[in-house]
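With the hints as your guide, set chains B, C, D, E and F with the ligands onto chain A.
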Amino acid sequence: MNAWLTVLKRDLLLAFRRRSDVATTLFFFLIVSSLFPLGIGPEPAVLSSIAPGVLWVAALLAGMISLTRLFAADFADGSLEQMLLAPQSLALLVTAKTLAHWLVCGLPVVLLAPLIGLQYALPNNALLVLVFSLLLGTPALSLIGAIGAALTLGVRGSGLLVALLVLPLYIPVLIFGAGAVAASQHGMSAQAHLSLLAACSLLALVLAPLATAAALRISVE
Amino acid sequence: MNAWLTVLKRDLLLAFRRRSDVATTLFFFLIVSSLFPLGIGPEPAVLSSIAPGVLWVAALLAGMISLTRLFAADFADGSLEQMLLAPQSLALLVTAKTLAHWLVCGLPVVLLAPLIGLQYALPNNALLVLVFSLLLGTPALSLIGAIGAALTLGVRGSGLLVALLVLPLYIPVLIFGAGAVAASQHGMSAQAHLSLLAACSLLALVLAPLATAAALRISVE
Amino acid sequence: MQWASWAAFFNMGGYAFYVWFSFGLTALCVVWEVIALRKRNAAALRLSKLLAQE
Amino acid sequence: MNINWFKYSSPQTFYPLAGKMIPWFAWLAAILAIAGLYISFAIAPTDFQQGEAYRIIFVHVPAAWMSMVIYIVMACWAGIGLALNARLSAMMAQALAPTGAVFTLIALVTGSLWGKPMWGTWWVWDARLTSELILLFLYLGFIALQASIDDPRKADRAGALLALVGAVNVPIIYFSVKWWSTLHQGSSINMGAAPKMAATMLLGMLIMALAFWMYTIAVALMRVRCIMLERERSADWVKELSLKSASRGKA
Amino acid sequence: MLSAQGLACLRGDRLLFKNVGFELNAGGLLYVLGENGSGKSSLLRMLCGLLTPEEGTVFWLGKKIKQDSENYLSNLSYIGHLNGLKDDLTALENLQIGARLAGNHVNDAEALASLTKIGIARCANLPVRVLSQGQKRRVALAVLWLTKAKLWILDEPFAALDVASVDVLAARLGEHMTNGGMTIITTHQDVLIHAQTTQTLRLSA
Amino acid sequence: MLSAQGLACLRGDRLLFKNVGFELNAGGLLYVLGENGSGKSSLLRMLCGLLTPEEGTVFWLGKKIKQDSENYLSNLSYIGHLNGLKDDLTALENLQIGARLAGNHVNDAEALASLTKIGIARCANLPVRVLSQGQKRRVALAVLWLTKAKLWILDEPFAALDVASVDVLAARLGEHMTNGGMTIITTHQDVLIHAQTTQTLRLSA
Ligand code: HEM
Ligand SMILES: Nc1ncnc2c1ncn2[C@@H]1O[C@H](COP(=O)(O)OP(=O)(O)OP(=O)(O)O)[C@@H](O)[C@H]1O
Ligand SMILES: Nc1ncnc2c1ncn2[C@@H]1O[C@H](COP(=O)(O)OP(=O)(O)OP(=O)(O)O)[C@@H](O)[C@H]1O
Ligand SMILES: [Mg+2]
Ligand SMILES: [Mg+2]
Numbered sequence: 001m002n003a004w005l006t007v008l009k010r011d012l013l014l015a016f017r018r019r020s021d022v023a024t025t026l027f028f029f030l031i032v033s034s035l036f037p038l039g040i041g042p043e044p045a046v047l048s049s050i051a052p053g054v055l056w057v058a059a060l061l062a063g064m065i066s067l068t069r070l071f072a073a074d075f076a077d078g079s080l081e082q083m084l085l086a087p088q089s090l091a092l093l094v095t096a097k098t099l100a101h102w103l104v105c106g107l108p109v110v111l112l113a114p115l116i117g118l119q120y121a122l123p124n125n126a127l128l129v130l131v132f133s134l135l136l137g138t139p140a141l142s143l144i145g146a147i148g149a150a151l152t153l154g155v156r157g158s159g160l161l162v163a164l165l166v167l168p169l170y171i172p173v174l175i176f177g178a179g180a181v182a183a184s185q186h187g188m189s190a191q192a193h194l195s196l197l198a199a200c201s202l203l204a205l206v207l208a209p210l211a212t213a214a215a216l217r218i219s220v221e
Numbered sequence: 001m002n003a004w005l006t007v008l009k010r011d012l013l014l015a016f017r018r019r020s021d022v023a024t025t026l027f028f029f030l031i032v033s034s035l036f037p038l039g040i041g042p043e044p045a046v047l048s049s050i051a052p053g054v055l056w057v058a059a060l061l062a063g064m065i066s067l068t069r070l071f072a073a074d075f076a077d078g079s080l081e082q083m084l085l086a087p088q089s090l091a092l093l094v095t096a097k098t099l100a101h102w103l104v105c106g107l108p109v110v111l112l113a114p115l116i117g118l119q120y121a122l123p124n125n126a127l128l129v130l131v132f133s134l135l136l137g138t139p140a141l142s143l144i145g146a147i148g149a150a151l152t153l154g155v156r157g158s159g160l161l162v163a164l165l166v167l168p169l170y171i172p173v174l175i176f177g178a179g180a181v182a183a184s185q186h187g188m189s190a191q192a193h194l195s196l197l198a199a200c201s202l203l204a205l206v207l208a209p210l211a212t213a214a215a216l217r218i219s220v221e
Numbered sequence: 001m002q003w004a005s006w007a008a009f010f011n012m013g014g015y016a017f018y019v020w021f022s023f024g025l026t027a028l029c030v031v032w033e034v035i036a037l038r039k040r041n042a043a044a045l046r047l048s049k050l051l052a053q054e
Numbered sequence: 001m002n003i004n005w006f007k008y009s010s011p012q013t014f015y016p017l018a019g020k021m022i023p024w025f026a027w028l029a030a031i032l033a034i035a036g037l038y039i040s041f042a043i044a045p046t047d048f049q050q051g052e053a054y055r056i057i058f059v060h061v062p063a064a065w066m067s068m069v070i071y072i073v074m075a076c077w078a079g080i081g082l083a084l085n086a087r088l089s090a091m092m093a094q095a096l097a098p099t100g101a102v103f104t105l106i107a108l109v110t111g112s113l114w115g116k117p118m119w120g121t122w123w124v125w126d127a128r129l130t131s132e133l134i135l136l137f138l139y140l141g142f143i144a145l146q147a148s149i150d151d152p153r154k155a156d157r158a159g160a161l162l163a164l165v166g167a168v169n170v171p172i173i174y175f176s177v178k179w180w181s182t183l184h185q186g187s188s189i190n191m192g193a194a195p196k197m198a199a200t201m202l203l204g205m206l207i208m209a210l211a212f213w214m215y216t217i218a219v220a221l222m223r224v225r226c227i228m229l230e231r232e233r234s235a236d237w238v239k240e241l242s243l244k245s246a247s248r249g250k251a
Numbered sequence: 001m002l003s004a005q006g007l008a009c010l011r012g013d014r015l016l017f018k019n020v021g022f023e024l025n026a027g028g029l030l031y032v033l034g035e036n037g038s039g040k041s042s043l044l045r046m047l048c049g050l051l052t053p054e055e056g057t058v059f060w061l062g063k064k065i066k067q068d069s070e071n072y073l074s075n076l077s078y079i080g081h082l083n084g085l086k087d088d089l090t091a092l093e094n095l096q097i098g099a100r101l102a103g104n105h106v107n108d109a110e111a112l113a114s115l116t117k118i119g120i121a122r123c124a125n126l127p128v129r130v131l132s133q134g135q136k137r138r139v140a141l142a143v144l145w146l147t148k149a150k151l152w153i154l155d156e157p158f159a160a161l162d163v164a165s166v167d168v169l170a171a172r173l174g175e176h177m178t179n180g181g182m183t184i185i186t187t188h189q190d191v192l193i194h195a196q197t198t199q200t201l202r203l204s205a
Numbered sequence: 001m002l003s004a005q006g007l008a009c010l011r012g013d014r015l016l017f018k019n020v021g022f023e024l025n026a027g028g029l030l031y032v033l034g035e036n037g038s039g040k041s042s043l044l045r046m047l048c049g050l051l052t053p054e055e056g057t058v059f060w061l062g063k064k065i066k067q068d069s070e071n072y073l074s075n076l077s078y079i080g081h082l083n084g085l086k087d088d089l090t091a092l093e094n095l096q097i098g099a100r101l102a103g104n105h106v107n108d109a110e111a112l113a114s115l116t117k118i119g120i121a122r123c124a125n126l127p128v129r130v131l132s133q134g135q136k137r138r139v140a141l142a143v144l145w146l147t148k149a150k151l152w153i154l155d156e157p158f159a160a161l162d163v164a165s166v167d168v169l170a171a172r173l174g175e176h177m178t179n180g181g182m183t184i185i186t187t188h189q190d191v192l193i194h195a196q197t198t199q200t201l202r203l204s205a
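Protein chains in written order, with the numbering used here: chain A, 1 to 221; chain B, 1 to 221; chain C, 1 to 54; chain D, 1 to 251; chain E, 1 to 205; chain F, 1 to 205.
Chain A extracted, bound-state conformation (with noise of 0.2 angstroms):
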């Protein structure tokens, strides 16, 4: 446990000394979610039907993004091995990492989507709706995406192969987040999308961590 929480505060510590790195993110998300309106047109309607879908990929994309950054710094500068050679279980290590990586790249996402859907003209409930299903999927996003960052580390043009793994997966938390919000929008419940989204959330917290660990493994060799 001691080791875990080693683990998270140096990467929050981490972040905050670059928190630079954060704000693309963000950044990122804004432009893309941004770019739509641009290369769409402004009309209201058109603007909050796609909204779920939009706003959804944009989460999903950086996310995805900031991903290739979750151990290849470690790796290049060795300090994977150390985490390797500690004597904890790895699984619960790769664990804190991941939560590090959500808090600092998912949850200002979480937090920012609610503005931007202000922007594709989303009634309130849909914005509610938004938020508690980025809340609910996101982690799923991270967890999954473990995986992909720790398959690919070592090996070049890492960047777009993690997209390449990853994308395929993340699509079901994609359609049951987005859907959630278009079915709020279309004044239906969002119930049953939420509570898909945890159940994708919480079987990848427990199956994610275990695969990212032997993937790291097998990377450092």
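Since the hints were made in silico from the structure, they are not lab data. Hints should not be assumed to be uniformly reliable.
[Claimed, not checked] Computed beta-carbon distance windows for the label pairs:
1. Ser3/F x Ala91/B: 25 to 31 angstroms
2. Gln67/E x Glu221/B: 49 to 55 angstroms
3. Arg122/E x Ser3/F: 30 to 36 angstroms
[Stated by the list, open to error] Computed cross-link-like contacts, PhoX-like style, restricted to lysine-lysine with a CA-CA straight-line distance of at most 20 angstroms:
4. Lys66/F x Lys150/F
5. Lys150/E x Lys66/E
6. Lys154/D x Lys66/E
7. Lys39/C x Lys244/D
8. Lys117/E x Lys148/E
9. Lys244/D x Lys49/C
10. Lys39/C x Lys239/D
11. Lys150/F x Lys64/F
12. Lys49/C x Lys39/C
13. Lys239/D x Lys49/C
14. Lys39/C x Lys20/D
15. Lys244/D x Lys20/D
Here the structure is a predicted model, which means the values were calculated and not measured. C-beta: ideal position from N, C-alpha, C; glycine also.
Showing chains B, C, D, E and F with the ligands alone in chain A's frame:
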């Protein structure tokens, strides 16, 4: 000229050695553009109306993500220093690297785009304009992106700065590009948009390599 | 046999392009895969022969 | 029992064994394919709704079946390879992936070619089509990952892990996509409405599917032989083999 | 305490070494020598459990290291080619975090003391990014004044160090062995280290 | 031929050195010595023009190096801490491309000969990725058998080399100086190099 060719050939050779990297850019483009229907829903009318924006944003993202690697590897392994010490104009060598990058990452996207346009139910003439607009616009993306890639090298905390610098410069390209496709979709002439795109690319060709070279010198210090 | 003539057969009730493209593509993939594998095998043997003779 | 398994799981013994098996499967595939094609074009009657275009079904459906089956088989081999550290299993997984991807591509393209005359469009975002597309991405991810790792052992293990993760996800993806499109269901097109299949059609499809099976086995064996040669290029048995094959070529 | 039997290492399609074995007891020093590329670093990573041997086994106190890995790892300190330092953290922070990950709590004073020992107390509060090659190496090595691990595995610890630091480190290694510790080391330089027993393992490419 | 006057180097907010000057003539060897972090690498990068001096100027044949940089650079061969090799290219390709970038055309035979000289001909067609630390360093150094540059600036060229390679490299450096070349070198190891004139510049942190 000799060194120019050497750099171009070397980068193409490297890309050829890692063919899968090239394919990855393409697949990234493919996957990102397939995500939107999953988020937004399968309605062909809606899809076709957002297609210009979505496809251009996807192309932009694919280019941007692959750009971060443009100089990073050279910087890390020291070949960038050697390039700076070559008895040739650095700006010239930079154009060689950028051209190689465009050939490897930009051109394939241009060629794949119409296929994806079909999935978005774009009409034939709009498909043609899509290809043209990408052909004229993506070089500007590569050239402008190179500045950002060069700046991110040494000045570590400047991720935000670079995004701030580069993305606003991308926006005109995006607007003209998506605008061209949208115009042809609505039965108007895309000529004006296309000429503006070409102008962007030309301007970038003249100015960007100089800025990139300067940025590289700063980063390597 | 339900084809009036070879021409009718090739015409596929007006859907010739779609039908023959499908079957043709499949055949092409199969042939290409086999040829590519044979080449790959030969190349591998050639290289290990070079190594062996060294 | 055990001893046998280990004997045949070493590349050195498996290589010639595979060589002997390939012609059998290849011939079986050819014969079945000819029979299947005969049924598809000569025996099966014209469909009264779709005309002759429906004959695409005889490649489309078997290809779609194969694309899914191969993924499962591949994941099984990968899992065995990872669990038992068996090199041959990992190689089999690697050998299957490209063929699986090819069949997925065939299913997608022939489906599109069918869709154009039937639905009037090359593509709709229907559950089955979409999940087939995602399956293609999964194959490509597997191949790309293995291609970009240079140490073969590492590539094996990383690929195996990815295949397993994918296998866990495939059902989730499938159901989520299905649910997604039934909820949205804007378009009037519904592939489930395909006509009730006549017995001959079913037979034709089954025989074609069998032919594809045999073909897959033959090609996978060929590819696994290549992989063995490439990986063990400096091993003695490969060197001997290459010298022998060359002298046979001259004679 | 640490022993290895019949180790073989395959990298790509090249067999780097096979049938490597040794036994290392308390107070023992093992030099692993060999040309560039002979597989010294690979052997060391194998001994840590970072690399799975193609054949052979490593034992700690008679048990396979994979079986009782928690116990083994808490007795191990490994410093590889890479320093394992975070560029954005200060030397002090790096040192403390490294120690805590390995299971020891270290306060500021202790960490500073160890930086002083290896002569870079002056850099304690600088981010590691601005340190030179050799200074970074010294920060990484400072952990040797903090760890309670019995077994030290060091991959070219002297590389990039200036003469004074080499002596300081050699003395520390000698002290460790005197206290009953064990060290496995690779180096291309000639450095005198005192140990109760010294063995040499030569890998040939 | 190469001279420097009143060089000062500021890194972060620390003045590493100031008022450093020297003159190096044909056949001359200049050792730059100093502890870790004393600014040796920084000085060398300054001499190459990679780093702008805080104060002072570097002259080549009496002209400021920034003024006639094309001429200066075509007379310069610099090998820094980093090897400048592409992992995915073979040793041979790396060598040829490096030489061509510096302005010399080199055919396969010449490149292979230089790899043979430094004893890694065996690795000529392997991608550099699979080479060990020291083997990579040797590939980078092989360029010294190809270049026609008069001035060599080498940052710890002996680091990570095994004993045999150190001798080979030292001999090559001696030969270069005999032919009227100039060398500036940093090292922490004691290596004997023959030169017509030998100077030492000691930086103190
Ligand atoms: C790009 C387009 C298409 C794709 C990717 C696609 C994909 C698939 C897949 C994956 C299957 C196997 C599903 C299973 O066995 O449960 C399948 C079966 C089938 N497809 Fe398609 N399809 C496409 C277009 C079409 C079209 C246009 C039609 C007909 C109008 C069609 C008719 C059928 C039929 C009848 C089956 C067999 C159903 C069964 O065995 O239950 N498909 N397709
Ligand atoms: N990840 C890897 N994949 C494939 N081959 C590798 C890998 N790492 C090292 N090798 C190969 O293993 C050999 C030994 O590498 P290793 O780093 O163990 O050598 P070393 O004895 O430590 O050499 P040095 O003295 O140069 O550090 C090298 O020749 C290299 O070709
Ligand atoms: N990019 C940089 N930014 C800020 N400071 C730096 C940078 N690079 C080096 N320094 C500082 O400059 C000092 C000298 O570094 P330099 O690499 O020149 O030392 P060196 O003499 O080569 O040492 P070594 O023997 O360890 O290689 C270091 O103490 C470091 O703090
Ligand atoms: Mg080593
Ligand atoms: Mg230095």
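Tell me, in ascending order, the numbers of any earlier hints that this structure violates. No numbers; nothing is violated.
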